[in-house]
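Undergrad: Hey, can you work out the whole structure from these sequences and the hints?
If you read the protein sequences in the order shown, they are chains A and B. If you're matching positions, the first sequence starts at 45 in the numbering used here and goes up one per residue. If you're matching positions, the second sequence starts at 45 in the numbering used here and goes up one per residue.
Just so you know, these hints were derived from the structure itself, not from any lab. Check before you lean on any hint, since a few could be wrong.
Note: identical chains are not told apart, hence a pair may lie in one copy or across any two.
[To be verified] In silico DSSO-like cross-links for lysine-lysine, where the CA-CA straight-line distance does not exceed 30 Å:
{"no.": "1", "residue 1": "Lys347", "residue 2": "Lys319"}
{"no.": "2", "residue 1": "Lys449", "residue 2": "Lys233"}
{"no.": "3", "residue 1": "Lys485", "residue 2": "Lys92"}
{"no.": "4", "residue 1": "Lys233", "residue 2": "Lys534"}
{"no.": "5", "residue 1": "Lys534", "residue 2": "Lys145"}
{"no.": "6", "residue 1": "Lys225", "residue 2": "Lys427"}
Now for the letters of each chain:
2 protein chains.
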Amino acid sequence: MTNQTMNLFEKHKNTLTIAVKALGQRTYYTPYPENPKGYAEDADLKAKNWISATMNNDFKGLKQTGETSWHGEEISPFLQIGVGVRYPIFTVDTLINNATKAQNTWSKTSIEERTAILIESLDRISTRFFDIAYATMHTTGQAFMMSFQASGPHANDRALEAIASGYQELTRYPQNVEWIKNFGKFDLKINKDFKPVAKGVGLVIGCSTFPIWNSVPGLYATLITGNACIVKPHPKAILPIAIVIQELQNVLAENGFDTNTVQLAADSSANPITKQLAENSAVKMVDFTGSSEFGNYIETLPKLTFTEKAGVNSIILDSVNELQPVLANIAFSASLYSGQMCTAPQNIFVSKNGVQTANGIISYEDVVKGIAAAITGLVDNPKAGPGTLGAIQAEATYKRANEAKSLGGVLVLDSKAIKNEEFVDARIATPVVIEVDKTQKEIYNQECFGPILFIVKTDSVENSLELCKTLVMEKGALTCGAYTTNNETKETIATEMNNAFVPVTFNFTGAGFINSHAAFSDFHLTGGNPAGNASFTNTEFVSKRFVWVGNRYM
Amino acid sequence: MTNQTMNLFEKHKNTLTIAVKALGQRTYYTPYPENPKGYAEDADLKAKNWISATMNNDFKGLKQTGETSWHGEEISPFLQIGVGVRYPIFTVDTLINNATKAQNTWSKTSIEERTAILIESLDRISTRFFDIAYATMHTTGQAFMMSFQASGPHANDRALEAIASGYQELTRYPQNVEWIKNFGKFDLKINKDFKPVAKGVGLVIGCSTFPIWNSVPGLYATLITGNACIVKPHPKAILPIAIVIQELQNVLAENGFDTNTVQLAADSSANPITKQLAENSAVKMVDFTGSSEFGNYIETLPKLTFTEKAGVNSIILDSVNELQPVLANIAFSASLYSGQMCTAPQNIFVSKNGVQTANGIISYEDVVKGIAAAITGLVDNPKAGPGTLGAIQAEATYKRANEAKSLGGVLVLDSKAIKNEEFVDARIATPVVIEVDKTQKEIYNQECFGPILFIVKTDSVENSLELCKTLVMEKGALTCGAYTTNNETKETIATEMNNAFVPVTFNFTGAGFINSHAAFSDFHLTGGNPAGNASFTNTEFVSKRFVWVGNRYM
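TA: Quick look at the structure:
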């Protein structure tokens, strides 16, 4: 360990200590302020200039050489024109050879060195949060605030969580012990060392909607455990993670490490390299976020896999004190980033007998109308609508939302475009609301990614729970919401859904939304239901990436 | 939690605390004395009476009902006659239904309740150590001392290790926290709970040579994490684990729990039920010890698997201070239980240039002769031979040892029968020693289970290491021994073998043997090489068996 990295470790030791403690406490903790005002005053202006200068140019910031060509196909959902950034394209062989070579040296570094480098990279990334925000906006369609928070501080939180968890597990056992067994007449003394040995090159496969937030947990978990990492982003959302990799490579270079320890593996829709990389025998672990179909394929590979696939999130609406705040909360959760969050609710299960409130029962019909009204109220408000909805990332999602009314059921509220003053060409679709009967499972028992909400009319809350649980066991879910003022019902819902390995969020109103999973407190995914086999960040998420080996010496 | 189980938890709390601490320290710790003299004076006599009364009778000690028939086919390797004990046979449906029902209640118990029940069961089992020793002798062929230690205290140590590790992981997070996020003008307060949810019924598949030691880690890891467990022993080695299950069921019954939380699933060689159980969708996790062929099949099942398969263990003999103690140590390791330990060495890699000692070089030829002489000296000593060798468990192993000389290579020392005064009909085979050239990989690059030792003539220590590492990467290994007085060589061997996920044991002489893996200190298997995907007991061994779920409440 050089003096330089030793100083770097000292610099970040306090952050590490607090982060490790936070992992165990699971109370509120975030080292990176989520409010843009917490950063340099001129940062926003500089970032606007940066994105202007970056668009329509080749991305030259990486320390990777030997590209065979340059390619880019990102389209801004807000501008509906190409972003115009091209990225270096490498052969699979080049990527694998570089990674294998880097693995050799990176795996030999000390845990402290890796920790120092990785936390330092997060600090550097935090100086780019505004650049990252604009890069995220113009690839994913997230509105500015979400782009800033989800790709910036919240992603850094998750990355730090993976580093802290890795550090904790990697230092769980003493490096050396003297083991003494008394045999009466003599002692048998054996010296032992315990070494966490890195498993091998990792591959992180990104998605188009959360290109940083969903990728950095796997990336940092791979790196902290001593493994080199190849990051294969979605070809439509490369720019945000390219910045992250640029900063990581800078810190690696400054401290004398192989910059290929982390590589960007951009590809094109026409010539995808994901399967070639994933199937390569040198790749020992794969982190994946994306479709269930591809995720299921990844899980069949004879290697370590960490997947986040599709799920169908539901809300069970049984009884409330006051209905309006609940409807407003649901409307926001369903509208935020136009339902393109993996944690967005899709199905609202409501009993035909309506919803009990402190002021009597609200009929099922009025609840349906209320949900539609709450959505309309939100999206039609020019101060709230555009910033909540953002834009639709993919043409297919836009089409799905607009064609949802022909899926069957009763159309309650159609999707529409609202005006975004700042981006008049933005691809916008407000949530479509469709009422279905509990028997119409062919409609609601599948993920309809995007701003599509089904209100499912059930016989009772018990029936709602049964349908919700069955759905989760078949299709998986990242979250489940429930509104009930009855303690027994609350307990039953928690028990039943938890037994299907899905967490439940009860009675959220105001500033609490089921969509949000806070680092250092909420596990993102449980790893136990069909929505994915990983969990951000339980111990397995890091401990599977290395092997404990203990040598003995006499 | 009843008063009774609360008292039970208090009773064992100290043991638990010490065990959890020991897990992290990895120094010497064993709560169950390994010396038979540490137990009741009349225990041995009582056990001798017990085994006499037990043989040729039905095993009626279990609290399982609804058997369709009774069956037993164990043969004592010491007597070479049938043990004559019959066990109740159940249909797969009965076993699965019972387990599913028991899972329902057991998964709802508190961690403290489970811990109390399970540690209490170990105490009860310890009162049966002598019974277990005789049961183990007459099914596995282990000599008395190994039967006593491996199936008794050492197995209990490993079981306690799994309980302690489970307790530690299950209590890693607070059950409830208040999460408060400040929004400037107001606080968002969310109550959260964190629940470890049991994954589902476990199946433990036992082997014929270590029917308890290899089964209890998986059994206790399954139980402590809230899962019911079906134990499917090898049809030739049921009696030892039947005692363990009997004691577990007794403690369950006394404390009002479903005794089907753990079930014995005996079967027969003619009508095996292992695959039916393993493939049943209600079974969520499988612990397996046995052949690589069956283990590889188990690993392909779409469920959680923990395997210990075959491996080829090697010793690299480079340089020593004094050769004789080293040869004696190797001879003992190879002869102990006639090489039927999964940690027994099979290949001794020696350079054609011989072995450097403090008194000059000993030629390769003299080393070969020395190994043979050390084995002969051990096995021909009537005070040491029979107690070290024990008997051969399976006819196939006996045949393999006797036919090994026709595998190729040069026969250095043939296998033979020695006299066991106590058991004149014992099936005995001393180690056969065969000299092979490094090029004869078709002979030595495979597991030859039993008392078979290959001395591989290599070009140099570097060549030995290369051959050893390649073998491990292809076939796996549980351990590797090395003798070298050169620090640089030592470091190279450790690094290279560790990178293949195999631990190295250096320069063992005297009372230290590479065969021994001590609970709370040595990981048994790393989980990283082809010899198996599990490790006794790293955190994954328990944490994979449950899922963290966090509910949120407003």
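Undergrad: Can you name, in rising order, the numbers of the hints this structure does not satisfy?
TA: Of the numbered hints given earlier, those the structure breaks are 2, 3, listed in rising order.
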